[in-house]
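**Student:** Residues per chain are reported as follows:
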Amino acid sequence: MDFLPLKSGLPNRTAFEWPTIMLSIVLSGVGLCLIYSATAPLGEAGRLYVIRQMTWCTLGLVLTAVLLVFDYELLDHWAVRLYLVIIVALIAVWATGKVTAGSKRWIQMGLMRFQPSEFAKLAVIIILAKYLQAVPGNPSRELIDLFRPILLAVLPAILVLLQPDLGTACIILLVAVSMIIFAGVERRFLLWGVIIIILLIPTVLLLGDHFLMAYQKRRFFSFLNPAYDPMGSGYHLLQSQIAIGSGGFFGKGFLQGTQNQLMFLPVKHTDFVFSILAEEWGFMGCAVVLGLFSILFLRGMSIAGKARDNFGTLLAFGCTASFFWHVTVNVGMVMGLLPVVGVPLSFLSYGGSALISSFLAVSILANVAMRRLAY
Amino acid sequence: MSDFLRREHPAEYFGPRIRIAVAIIVFCMGIFLVKLWYLQLIEGESYDEMSRNNRVRSVRLPASRGKILDCNGRVLAENSPSFTFSIIPGELENVQDVLERCSSTLGIPQEKMRGLIERSRAVPRFMSYPIKKNISLEEVSLIKSRSTDLKGVLLEIKPLRLYPLGETLCHVLGTMGEVSADELPKAAKLGYRTGDVLGKTGIEKEYDTYLRGEEGWEEIEIDAKGRQLATYSRNLPRAGADVVLTVDADLQKYSEEVFMHRAGSIVAVDPDSGRILAMVSKPGFDLNLFSPSITDRQWKRLTNDPLHPLENRSTRGLYSPASAFKIVTATAALAEKVVTPDQKFNCAGKLELAGQSFRCWNHNGHGAVSLRRAIVESCDIYFYELGRLLGADRIAKYAALFGLGKPTGLGLPHELPGLVPSPVWKSRNYGDSWKDGETLNLAIGQGYLVATPIQLAMMTAAVANGGKLLKPAIVRRVESPEKGVVFDHEPVVRWTIPLDPGVLDSLRSAMTAVVSESKGTGRRARVPGINIAAKTGTSQVIRDNQMIKESEQIPYHERTHAIFVAYVDDRPRKIALVVIVEHGGGGGMSAGPVARKILARYYGLPDRGGL
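Read top to bottom, the protein sequences are chains A and B. When you number the first sequence by the working numbering, it's gap-free, plus one each residue, and the end is 679. When you number the second sequence by the working numbering, it's gap-free, plus one each residue, and the end is 752.
Just so you know, not all the hints are guaranteed correct.
Said to hold, decoys possible - Quick partial rundown of chain A residues pointing at chain B, CB under 8 Å, derived from the structure:
hint : residue
1    : Gly-552
2    : Phe-553
3    : Cys-590
4    : Phe-601
5    : Leu-602
6    : Met-639
7    : Pro-643
8    : Val-645
Unchecked claim - Computed beta-carbon distance windows for the label pairs:
hint : chain 1 : residue 1 : chain 2 : residue 2 : range
9    : B       : Ser-286   : A       : Gly-640   : 37 to 47 Å
10   : B       : His-555   : A       : Leu-367   : 27 to 37 Å
11   : B       : Val-167   : A       : Val-384   : 16 to 26 Å
12   : A       : Leu-352   : B       : Gly-357   : 20 to 30 Å
13   : B       : Arg-201   : A       : Trp-398   : 32 to 42 Å
14   : A       : Val-384   : B       : Pro-554   : 49 to 59 Å
15   : B       : Leu-247   : A       : Leu-352   : 29 to 39 Å
16   : B       : Asp-323   : A       : Leu-352   : 19 to 29 Å
17   : B       : Arg-255   : A       : Leu-352   : 27 to 37 Å
18   : B       : Leu-331   : A       : Ile-501   : 41 to 51 Å
19   : B       : Leu-331   : A       : Ala-399   : 20 to 30 Å
20   : B       : Leu-331   : A       : Leu-352   : 12 to 22 Å
21   : A       : Ala-399   : B       : Asp-646   : 57 to 67 Å
Just so you know, the hints here were simulated from the structure itself, not pulled from any lab data. In this text, a Cβ means the ideal position worked out from N, Cα and C, and glycines have one as well.
Only chain A is shown next, with the shape it has when bound in the complex (with noise of 0.2 Å):
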């Protein structure tokens, strides 16, 4: 077997992908700011945060550097070698696990602790694109065509549910979508697709609300978000907005945050890093970080116009819609426009794991744009 196909070694005739890799740096850089500053109350051990998150930093970039010599066509060859790899990691993370706060999500290897959810992400991008290249020009008739599909990103996030971990599953259905949806669907699919899920929503609602007690409600909610009470995420939610608003046009500088230092937010460092942002830098540091996260998006999808054949167009998009949902489900929840559910901000929250699988996104995307003429 072909381990390395001909197409190896950095592309010559193409210009080196700058703006991506420079964002990915610019907000890991945004993201240490922030870090530091959440976990500046915690004294000495505040440090550690840091100091870990700058590693997991310069590993990625190390990452995306080895991977850019490869052709991202082995994507293509080792895609359902890497789902498997992913789903068995979970069945292993769901069977064994170190319990965190109260839902397994990792895997101890030695010294580092693992999360395959992060991972499962771009596996679903990765069989999903490899799937979904052959469509354009063969849109899909039979309904038993969607389901192949969506079956293949709703086994990996089932199993991310069970762990408990409603914000990655969420994000793996979000994405898989988008990508089903970008790749062409006949529109009456689409239309009924629409109209089931606002028909589902009520209906679930109703009858948890008839058939479950309070307590049970209760139960039924923290089993999916453990990490937040519901009776005390209002109480979370008004101190982000607080913090959020508090901050004003140019915000109360760097360290100055009185939310942010006195409070005892427990995810603060990680999924709450943009009510720091807010609070720390104001309007203008919301508006530059949203407007970098907008030029990372619009960059993708003009690399994923670009692309030299399906395979890579979708792999782009794949990435762009990951880092799209992860902004907005998290900036959306910071700011009470969602509800709580625990995503983290792409390069900005803490997380090893996170940090890396974005990393290794931004590789993918730099990967599809270097190739597009290598043919």
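For this one, chain A is given, so just place chain B on it according to the hints.
**Tutor:** Below, chain B without anything else, positioned relative to chain A:
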């Protein structure tokens, strides 16, 4: 596969889709910017004010520590509330102000208090940091009246451990203290923080995870003056479980009172279940000294005391069992059929072996002695002969079968295993070969052989219950307020000593005669109305002919230990008892009367003074 599907004009198919996606992206980002504009610029000022006025304070809600009770429910350790003066480093504004207003009330010099506040920088800034614990009610009211508007200052109610019975059962109950720097890494994983108190010795330590429960926390909103406005969220603490001991506090207290000597140990155990009825180690100490924390002076006094009051002699005192060990030698000889109960040996007062003279305590000799008389009058020569016939290995084997040489597994910290010497052991540890004379010493329970009182108690219990070596237990039950009974003791038989039925009969009958017969060494322990089986022991501390000197002339540290092991098994409530009086002289003389009083008390009979 991708060759097949490469299209000629990619932009044609995906182009419009990409445009739609870009539109969605711009739309979403736009919404966010709008909401941000609203929150930060339009409502910005009001939020800013809210952030300035409201502070959220995270307060730890300590869990109430479980109680320790005796087998009848009598309280041995409980909690009483106490106040602690703390600061919250992140909220402190005017340190000088705090010092001026509080240091004199608290009785701490300003410089010292400033130093304490400096040290608080190492901990999370929003958590309370204790400055002075267990302040008096007067101090509380003075602080409250003078400093309500001081920022960053907090009065916390913390429970104080109280031991209503003072010195009683002090070693078993154990002490508590602050988490030390070395303990902190492990303890932190269990949720402990600097300044927390945990069990250091005894039951308080062994069962700390059960006793401590689980602390809760609440997040309260306070205004600029520190007044509580609302509770945002609360996680209630879970009270610790109560630990019920097997000990009877009444018997324990009585035993402690009745033991009027300087040092020693008493262990009383139920021979059928292994449950400990009383465990005394003298000298003891008042547990309340350690609550909230012991002063330097008191600590020095305890640790410098030559009698080591902090040591639990019942599990860590090592004594040569002396003649009490003859129980094991006799059992070994009968079980190995090396001798019959009627077989007689001649005791002439001494025995010569390899040029050395081995004496019997009775220099004139007992004459012809069979098993019964050898036990009743504790003839050494008889047992020397048994030793020669058995050999050191077999004696060591039975010593191990009776549980000596290994910890009993009681579950109190740092139990010592004692030592059963053997030829193999000696060559491994001393590089020297075993001498025949050492077998003779071993046979009468001297030499290298040492055991703890609890081991001797379980050995006695094995004779009482017909040959089962039980695992002793000090905890009867652990009851959690939420989950009910979390632990319930069931007797554990470590093993059954392989003995033919009837082997122990002659030994047991002889042991009864030790107390009942007029020449029995245990006659001072006689209690009319109960059949007590016993064996005395007088454990030599230094190698020499102590028998020659009058006991009062011998300095304290050279006097023999007095040992008395006994059991009562012909009643529904059985008991096996060990009394050791350190440097007490004769086993029957010193330890016997103590045992008599305890047994009389246990069976509700008047103590007539023995004999």
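**Student:** Confirm or reject each hint.
**Tutor:** These are the hints, each one checked on the structure:
no. : hint                              : in the structure
1   : Gly-552                           : 5 Å, holds
2   : Phe-553                           : 6 Å, holds
3   : Cys-590                           : 5 Å, holds
4   : Phe-601                           : 5 Å, holds
5   : Leu-602                           : 6 Å, holds
6   : Met-639                           : 5 Å, holds
7   : Pro-643                           : 16 Å, violated
8   : Val-645                           : 17 Å, violated
9   : B:Ser-286 / A:Gly-640: 37 to 47 Å : 43 Å, holds
10  : B:His-555 / A:Leu-367: 27 to 37 Å : 51 Å, violated
11  : B:Val-167 / A:Val-384: 16 to 26 Å : 36 Å, violated
12  : A:Leu-352 / B:Gly-357: 20 to 30 Å : 26 Å, holds
13  : B:Arg-201 / A:Trp-398: 32 to 42 Å : 33 Å, holds
14  : A:Val-384 / B:Pro-554: 49 to 59 Å : 57 Å, holds
15  : B:Leu-247 / A:Leu-352: 29 to 39 Å : 35 Å, holds
16  : B:Asp-323 / A:Leu-352: 19 to 29 Å : 21 Å, holds
17  : B:Arg-255 / A:Leu-352: 27 to 37 Å : 29 Å, holds
18  : B:Leu-331 / A:Ile-501: 41 to 51 Å : 46 Å, holds
19  : B:Leu-331 / A:Ala-399: 20 to 30 Å : 26 Å, holds
20  : B:Leu-331 / A:Leu-352: 12 to 22 Å : 20 Å, holds
21  : A:Ala-399 / B:Asp-646: 57 to 67 Å : 59 Å, holds
Consistency note: the structure conflicts with the earlier hints numbered 7, 8, 10 and 11.
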